[in-house]
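Using the sequences and the accompanying hints, generate a full structural model.
The listed protein sequences correspond, in order, to chains E and G.
Here numbering that gives the first Met the number 0 is used: the first residue of the first sequence is 0, the next is one more, and so on.
Here numbering that gives the first Met the number 0 is used: the first residue of the second sequence is 0, the next is one more, and so on.
Please keep in mind that the hints were generated in silico from the structure rather than gathered at the bench.
Some hints could be false.
Rough simulated footprint, nothing fancy, chain E against chain G, three-plus residues with beta-carbon under 8 Å [claimed, not checked]:
hint, region
1, 87-94
2, 246-255
So these bits of chain G aren't anywhere near chain E, every CB distance computed over 10 Å [as the list claims (entries may be wrong)]:
hint, residue
3, Gln9
4, Ile143
5, Ile229
Glycine is no exception: its CB is placed at the ideal position from the N, C-alpha and C atoms.
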Amino acid sequence: MTHAVLCEDLWKTYQRHRPLGVKSLLLGADPPRDTRFAREWALAEVGFQVPRGRSFGVIGPNGSGKTTLLSILLGTVQEDRGRVSLSGRVAPLLELGAGFHGDLTGRENVFLFGSILGVRLAEIRRRFENIAEFSELEGAIEQPLRTYSAGMIARLGFSTIIHSPADILLIDEVLAVGDASFQAKCHRALREFRARGGTLIIVSHNMKEVTEVCDEGICLDLGRVVDAGPMAGVAARYQERMAAAESGKIKASAHAYR
Amino acid sequence: MPTVKRSLRQLAEFLYLLARQELKARYKGRVLGYVWALAHTFALAFVYWIAFKIIMRLDMPNYSVYLIAGMFPWVWLSVGVTGATRSFVVNAPLVKEMGLAHAILPLSNVVQEMVHFILALPVVIAWVVLAGGYDAAVSWLWQIPLMLALQVAFVYPLALAFALINVYVREIEPLLGIGFPLLFFATPMVYPISIVPEPLHQYFELNPFHALMESWRSLFMAGALDLPRIAYAAGFAVAAGAVTWLLYRKLAPRVGELV
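Put into structure tokens, the structure is as follows:
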């Protein structure tokens, strides 16, 4: 079976790539080591496969490399070692309101975002009614985006990508912003998306959501895959580890689970 | 490297959306916005006119036309490049979602400034004809588009190159802020090349920016294309394009991370 998303032995470090100041260039000093990350490898030996039409969850503590992984899948960040391959059109929803412009109306932002996603204007026009309806924003869609709440922005963003002609959706923790009824609506829409053959990769901190929406997944910790398999199990074990770490019984480190 | 799939037409549509967005922002007062945008460049030209014609008593006929005919293309060039230099950094969330198509962002700066230039043309031409007594030429109908294309080909490689470099070395932005005014005075813009001592003329002529600006002035004031200078500017555009292509291959992949 051809996989929609394939990731093999992925390694990524940020340490070499800190922007240089003119002072360092002129004085010949060593580039300052990037202290954003406490560890050498943001991602190490990460590998997984997602068959077409499946939904895949990525969970893990903050700083475990989830966003880096999505950025590599999208193509904005380059991996240092390993192989990544995606087959199909990709649509990302990575940051709330990324690519949205505060002065433009909701409608204008749909067109702008759609265009960023690579969709032709005629196609966006054709789908606009559906996008507007799904978002439940009604009149607000003609208002400038800076008047929107976070929930409204999430609605607009999700509505746009779910109606875009994408085969693979990459969603990073954005759905948490919507209210319960909107989240339920999103889950339904995502199920329909998969029924159409779409593939979904979702990063979430909400174990309930990720278990509901995803078939399988991985858990990252300190850049490594510490658990993989059916989502329910991965999520449950992650929660146990977090609870145990809370009470200090086990040290939640990657070593125990390699 | 996996990216969003696009066609050339789709990129053109995206460019159109970006340009329209910028125009709405700049001209939101409709007529007033238009007047204001023009007034800024005219005011600049006026200051130089006072300084050089009145105070320094520069002896040059039609000095105001010389200024205006060069100032508008220059503003397109400098605002285009300085705006483009910031375009990746300022649009970081956009860059992270676009993959390598982010090269279109500096182009949108160049195109936006070109649109402002085109909108200013009727007023510029009116000034040339009325204040300068020059004849408007029908040939401008095809000569001006040619010059527009030349300037885009000239400016875009610079815009993209500086946008890329700026992501790695952020000081480029303020450096350009100093560099452009220096370049402005090193190029015959507020003075004719005739007042430069004869032996130095050859060095001034080596300046590709001079070739470009002089071509515009030649078009408006002499009514003809200055072919040797246009060829030189075109040659520079090709060379700049080649260098930018090499820079792009080296620098573009990490822009998404560093921005």
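Could you work out which earlier hints the structure fails to respect and list their numbers in ascending sequence? 3
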